[in-house]
Amino acid sequence: MAGEIDAERVRQIARLARLRLSDDEVMLFTGQLGALVEYVRQLDAVPTDGVEPLAHPVPVANVLRDDRPTPTLDTEVALRNAPQREGPLFRVPRVLDQGA
Amino acid sequence: MVQVCGLDVEPIIGLEIHVQLATRTKMFCGCPLEFGARPNSRVCPVCLGLPGALPVINRQAVELGVQAALALNCSIAELTKWDRKSYYYPDLPKNYQISQYDLPLAFDGLFEFPIDDRIARIRILRAHLEEDAGKNVHDLPGCSGIDLNRAGTPLLEIVTQPDLRSADEAREFAVQLQRLVHYLGVSHADMQKGHLRFEPNINVRIHRDGQVFVTPIVEVKNLNSFRSLHGAIAYEIPRQVEEWLATGVTAATGNKRNRGWDDTREVTVPQREKEEAHDYRYFPDPDLVPLTVQAAWVAELRERQPELPLCRTERFISEYSLPPRDAHALVEDRATADLLDHAAEAGGDKVVLGKHFLSLWARFANERGTTIAGLRISPGRLAELANLVATGRINATAAAQVAEAMLANHDAPTVLAEELGLMQSRDTDRIAAWVTEALAANAAAVQDALANPKKARAARGFLTGQVMKLSGGRADPKIVGELIDRALAERAGA
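Protein chains in written order, with my numbering: chain U, 7 to 106; chain X, 139 to 632.
Keep in mind the hints are simulated off the structure, nothing from the lab.
One should not assume that every hint holds.
[Stated by the list, open to error] Straight line, CA to CA, 25 Å or less: simulated SDA-like cross-link-like pairs of lysine to any residue:
1) X:493 - X:506
2) X:223 - U:39
3) X:273 - U:93
I would like the entire structure built from these sequences, with the hints used as guidance.
Laid out in structure tokens, this is it:
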């Protein structure tokens with residue numbers, strides 16, 4: 007992976023994940039994330055020339071289902087964990103722009 | 139090349155099209171797809187993104203995707219996989235969309251369609267499967283409401299190369315694509331329900347003093363009508379030229395912009411976006427194993443592929459002697475076009491069938507507010523009626539009466555024609571009697587036919603008409619002619 011894990015990188019990742027971090031937390035996570043990346047980086051030592059990229063670690067393909075309806079959740083059950091609701095709708099802060 | 143502000147301008151347009159697939163259930167769960175259902179009533183742990191829920195691929199969605207891709211002359215990937223496209227938005231409950239990033243279902247296609255007396259050839263970059271997001275309901279005071287019934291709906295995203303050169307061409311592409319996916323049964327292709335959504339990528343090459351300037355690419359998001367697609371492109375072309383004249387900014391990495399379409403003012407408007415908005419951090423979805431689309435499966439799907447509308451229209455023009463416009467209209471309704479082919483396969487005269495489909499059957503269908511297929515008449519009976527006309531056993535007027543009777547009961551057309559007394563009479567004795575009667579009643583005409591070379595022809599025609607009249611139009615005109623000739627010859631010899 008390109009780029010070191012520094013405070014700026016952690017802030018950017020937090021922004022993407024819609025997390026608000028304090029400066030202390032940025033420091034904490036910079037250290038933790040850096041250690042994680044370092045750990046995974048050991049894999050860079052393995053020679054992979056001529057090895058096909060793996061699409062999935064499990065050697066199984068084509069798990070498919072038929073196009074047949076299955077029972078749905080009751081609306082009341084679906085909304086039970088919502089912090090806020092508006093009738094049958096999930097209520098969220100107003101969305102102004104298409105983000106994606 | 140078009141002229142804008144006195145400059146030679148070449149528009150460069152590519153399209154991304156989202157096609158909603160005509161499955162009964164969602165892409166990765168068995169929730170039924172139902173437009174207009176009560177909000178959040180077609181949801182389950184999978185499409186709500188609840189922890190621990192696992193997606194399973196809908197086979198039908200894959201098959202519909204492959205069928206569309208085959209019709210677009212794409213290569214089908216032997217191995218295709220699923221990736222997570224991460225972004226945070228309230229209508230996306232998992233905080234990622236399952237899509238296909240580096241190994242799409244299909245790639246390298248070509249779509250050809252006629253426009254302005256030429257054939258447009260638009261290359262297809264790729265086509266991949268993904269799931270739709272939920273719906274935002276914006277009309278709540280100070281907040282938004284989210285309905286997740288649509289979340290997880292299977293979509294095929296088709297991406298063209300930037301081969302389109304005008305708003306007209308882009309619109310025609312979209313119209314033909316809609317027709318195609320509808321014809322294939324791949325999508326219900328209902329524009330009102332947002333089954334097709336377009337996102338054009340537009341920029342222009344400006345030629346000035348032997349130099350070429352390329353404007354930054356603008357992507358117009360979420361257009362759901364042919365009119366807005368055309369409008370957005372037609373608006374962007376001069377806008378980009380004017381902006382370039384004012385700022386001199388040309389295309390560079392990172393300066394692609396998103397705009398939206400204001401349907402009431404008919405202008406594109408900038409979309410507010412954060413700089414990291416496009417950091418989607420794609421990575422393989424560990425919840426889904428890859429999909430291998432074996433050659434045998436593709437072959438089977440290819441086998442099921444119907445003849446495509448443009449080819450079929452051409453064939454109808456030559457095979458059924460139809461005018462192009464009528465052939466186009468007939469092909470538009472697949473069930474009716476199939477019925478015409480089946481009637482021809484049942485041995486019906488093709489030219490007469492073509493005429494019947496354009497005139498009498500079309501009229502009855504219109505009167506009843508249905509299609510010709512909706513009249514529910516079997517191919518065999520259609521063929522039989524056509525052949526009664528083709529062999530001269532009933533005339534065109536009689537055919538309309540028989541057709542009407544066919545709608546009321548299931549007897550064979552021949553039986554109906556006989557019951558209605560509409561069969562051309564081949565009973566020579568009866569016809570001979572009519573001939574005798576007509577000749578006796580029209581001595582002057584007989585005289586002309588026999589002895590007045592100037593009037594002979596007209597007189598013979600008049601006598602034929604009299605016989606037909608006596609027969610109520612049922613006498614076979616050929617036999618009438620022969621018997622008149624014989625009767626006249628006998629008199630001349632006498």
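Taking the hints in turn, this is what the structure says about them:
1. X:493 - X:506: holds (19 Å)
2. X:223 - U:39: Holds. Residue 223 of chain X to residue 39 of chain U sits at ~21 Å (cutoff 25 Å).
3. X:273 - U:93: holds (15 Å)
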